[in-house]
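Visitor: Assemble chain P onto chain L, guided by the hints.
So the protein sequences, as listed, match chains L and P.
To convert, note that position 14 of the first sequence is 14 in my numbering; the numbers rise steadily by one, no gaps.
To convert, note that position 137 of the second sequence is 137 in my numbering; the numbers rise steadily by one, no gaps.
Just so you know, the hints here were simulated from the structure itself, not pulled from any lab data.
In this text the structure is predicted, and so the values were computed from the model without any measurement.
Some hints here could point you the wrong way.
Only pairs whose alpha carbons sit at most 35 angstroms apart, straight line, appear in this in silico DSBU-like list of lysine-lysine [as the list claims (entries may be wrong)]: (1) P:K180 to L:K63; (2) P:K46 to P:K179; (3) L:K209 to P:K210; (4) P:K154 to P:K108; (5) P:K158 to P:K249; (6) L:K63 to L:K229; (7) L:K63 to P:K225; (8) P:K108 to L:K124; (9) P:K207 to L:K209; (10) L:K209 to P:K88; (11) P:K108 to L:K209; (12) P:K222 to P:K61; (13) L:K156 to P:K108; (14) P:K164 to P:K237; (15) P:K61 to L:K124; (16) P:K174 to L:K255; (17) P:K255 to P:K210.
Here are the chains, one letter per residue:
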Amino acid sequence: MYLLKLAYRNFFRNTRRSIISGISVAIAITVIIFAQSYMRGVIENISENIVRLISGHIRITTKEYERRERMIPLSEALDLTPELYDELNHEEILMVSPRIKFGVLLGEEELNIPALGYAIDPDKETHISGLDKRIVEGSYLDASSNGAIIGNELAKRLDLGVGDTLTIITRTAYDSPTGINLLVKGIFSIGIGGMDRSVFYIPFNVGQKLLDLEGRATELVIIVKDPNKAINIAREIRLRGDYSIVPFQYNPILKYINTFSFVYSIFYAIILIVACSTIANTMIMVVFERTKEIGMMKAMGLNNLSVVGLLTLEAGIIGFVGSSLGTVIGGILSYWLKYQGVDMSMMSSSTSADMPFGPIIYFSPTPMIIITGFLFGLLATIIVAFLPITRITKLEPAKALKTI
Amino acid sequence: MITMIKKMKITVISKFLLALSSIISLSLAQTAEEIIERVDNNVVVKTTRYRAKMLISLGGKIREKEFIGYTRGKEYSYMEFVSPARDKGTRFLKIGDEMWMYIHAVEKSTKIAGHMLRQSMMGSDFSYDDVAENEKLQDLYEIEFIGIDSVEEKECYKLELTAKVPEVNYFFKKMWVDKKTYIPVKAELYAKSGKLMKEINITDFQKIGKRNYPTKIIMINKLRKDTFTELILEEIKLDIEIPSKVFTKAYLERK
Chain L
1 MYLLKLAYRN
11 FFRNTRRSII
21 SGISVAIAIT
31 VIIFAQSYMR
41 GVIENISENI
51 VRLISGHIRI
61 TTKEYERRER
71 MIPLSEALDL
81 TPELYDELNH
91 EEILMVSPRI
101 KFGVLLGEEE
111 LNIPALGYAI
121 DPDKETHISG
131 LDKRIVEGSY
141 LDASSNGAII
151 GNELAKRLDL
161 GVGDTLTIIT
171 RTAYDSPTGI
181 NLLVKGIFSI
191 GIGGMDRSVF
201 YIPFNVGQKL
211 LDLEGRATEL
221 VIIVKDPNKA
231 INIAREIRLR
241 GDYSIVPFQY
251 NPILKYINTF
261 SFVYSIFYAI
271 ILIVACSTIA
281 NTMIMVVFER
291 TKEIGMMKAM
301 GLNNLSVVGL
311 LTLEAGIIGF
321 VGSSLGTVIG
331 GILSYWLKYQ
341 GVDMSMMSSS
351 TSADMPFGPI
361 IYFSPTPMII
371 ITGFLFGLLA
381 TIIVAFLPIT
391 RITKLEPAKA
401 LKTI
Chain P
1 MITMIKKMKI
11 TVISKFLLAL
21 SSIISLSLAQ
31 TAEEIIERVD
41 NNVVVKTTRY
51 RAKMLISLGG
61 KIREKEFIGY
71 TRGKEYSYME
81 FVSPARDKGT
91 RFLKIGDEMW
101 MYIHAVEKST
111 KIAGHMLRQS
121 MMGSDFSYDD
131 VAENEKLQDL
141 YEIEFIGIDS
151 VEEKECYKLE
161 LTAKVPEVNY
171 FFKKMWVDKK
181 TYIPVKAELY
191 AKSGKLMKEI
201 NITDFQKIGK
211 RNYPTKIIMI
221 NKLRKDTFTE
231 LILEEIKLDI
241 EIPSKVFTKA
251 YLERK
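If we strip away everything but chain L, and leave its shape as in the complex, we get:
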């Protein structure tokens, strides 16, 4: 207690230096909490977009389709048999929706605008992709009519508006040329560049007929009650046939982003080390400045442990104050941006359809991020300060008293 009082008083002996050291720790902790909350927000945003727009919680395709997915091989579509739906009768599964993804070249005179078409069940998709809420002009798809909804950027490129005719010329699953004229019913804006620039949606039955895929779909999208159980549910699904059953957590983009998070951890560590070097520097100066004083304290009977303890407490106070300040600022900023969100549409407008990022990133701080941020700051300060402090133990009181 006595040492704590002494350390507290010493904190104010060179207030400016203590404050500067504390602020550097505070800045580091603020950045770390802010960056971690942002990264978590990005991952959650991409996960949500993957679930909504790409794969649902679990996606089923044939293995061959998955293997050659980049080519969009319609010939490897799966058969929508009653047996398949029976096998997907799982108490945790809320919804199973078929989709057909197909590539086309669009254009008035020459087919030179590559685009991606999705044939979807309009009613089910309102619960999955929520496209009905993204319509900015016209209306949403209707299963009974030959209509299409197209991305706002694609509409601009094709010079199409609501009520115009979208001509689709593509190839069937058997590689024959095929085409259809569809009425543009609505224009959507998802805010993800790749989607708005190159995607259109048509009713599922229209897509099946167009692509000669009656009774078939390229993929089945599954929505489950608890997304956290998607991996286990995917393992539990038993299908007769060569199918690929992939939970959204195993999506290659998410795997890639998670790998990237590791790189970010290294970045956090570097920030912390830089900040702590200020503490180390402060403590080196303290040790040099107060060598005489420490020598006297030792001569008066204070043992090494107490001296080290005193100086460690001094560093600890700086770390505590800096970390607390950083935690409060980082926490407040992150929680504010959790509700406010950051509009990333400038950035997301240039992403591809394969990288569903944006348009608004909501930060995702957790108590764990806040607490670990604080503890990291405190511990790192103490550990870094400890090295110069241990020099004191080698100091002889008589020699120390003679230093100028």
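Guide: This is chain P only, laid out in the frame that chain L set:
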């Protein structure tokens, strides 16, 4: 003295053999060109009108398509699908190196980009270029006589054709020409890289005038798995008058 006579004999014999081999190779070269000329005389026509049945076998399942075709020289070609119902009204027009496709369902024609002409036509093993091809082989390839071989018990001339102009569908061909009919009963088609792309077998022909014209062609795309296409030509009319309007965009886009 005897040794000298022996040496002279050997020299004379070797010179004779050399001259003989030159004569043989010269005569073979002529033969190769002659063979190809006779092949060209059979298959390259001024104009054609035909009805074709295309049986596309994919993974054991066979799909049948029918179309009517018109060809004039190497420049003009027109095809119109008449069955099945989903393909009815799909038309193709090729003028020189350009091709347009008309899809009845959208009532619109679109130009097929150059590289797409080498893609599968209507899901078959034939490309658009394969079907529209009507150019003399001797104008496109250097021909080399390889020897005599037999295909399906038919005695054939085996030839190797290497492209001498860049505008060819296949850089290298191995061809087996029936000695009796001058029909190329089998051909292997290779890319410049040496990769085998396709194999053609002509299994039937019809005597039309002086020509032996192929009527049943089996194409196997070696780049696809478990597939082949049989093209059966019927109602063939050769060297007839075809109205010029057939080879126009207006005719292609007619309602």
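Visitor: Please work out if K180 (chain P) and K63 (chain L) have their alpha carbons no farther apart than 35 angstroms.
Guide: Roughly 50 angstroms between the alpha carbons, so the hint for K180 (chain P) and K63 (chain L) is violated.
Visitor: Mind checking the alpha carbons of K156 (chain L) and K108 (chain P) for me, to see if they're no more than 35 angstroms apart?
Guide: Roughly 21 angstroms separates the two Cα atoms, so the pair holds.
Visitor: Could you grab the alpha-carbon distance between K164 (chain P) and K237 (chain P) and see if it respects the 35 angstroms cut-off?
Guide: holds, 31 angstroms
Visitor: Is K63 (chain L) within 35 angstroms of K229 (chain L), Cα to Cα?
Guide: Between K63 (chain L) and K229 (chain L) the Cα gap is close to 23 angstroms, so the pair holds against 35 angstroms.
Visitor: If you draw a straight line from the CA of K174 (chain P) to the CA of K255 (chain L), is it 35 angstroms or shorter?
Guide: Status violated; Cα separation ~49 angstroms.
Visitor: Checking one constraint from the list: CA of K209 (chain L) to CA of K88 (chain P), max 35 angstroms. Satisfied?
Guide: holds, 15 angstroms
Visitor: Taking 35 angstroms as the top limit, are the C-alpha atoms of K222 (chain P) and K61 (chain P) close enough?
Guide: holds, 18 angstroms
Visitor: Does K158 (chain P) pair with K249 (chain P) here, judged by a C-alpha cut-off of 35 angstroms?
Guide: This hinted pair is violated, its Cα atoms lying about 41 angstroms apart.
Visitor: Tell me if the straight-line CA distance from K207 (chain P) to K209 (chain L) falls inside 35 angstroms.
Guide: Answer violated: K207 (chain P) to K209 (chain L) is near 43 angstroms, above 35 angstroms.
Visitor: Could you grab the alpha-carbon distance between K108 (chain P) and K209 (chain L) and see if it respects the 35 angstroms cut-off?
Guide: holds, 19 angstroms
Visitor: Just to be careful, I want the Cα atoms of K63 (chain L) and K225 (chain P) compared with a cutoff of 35 angstroms; is the pair within it?
Guide: OK: K63 (chain L) and K225 (chain P) at ~17 angstroms, within 35 angstroms.
Visitor: CA of K209 (chain L) to CA of K210 (chain P), is that 35 angstroms or under?
Guide: Not satisfied, since the Cα-Cα distance of roughly 47 angstroms exceeds 35 angstroms.
Of the hints listed earlier, those the structure fails to meet are numbers 1, 3, 4, 5, 9, 16 and 17, in rising order.
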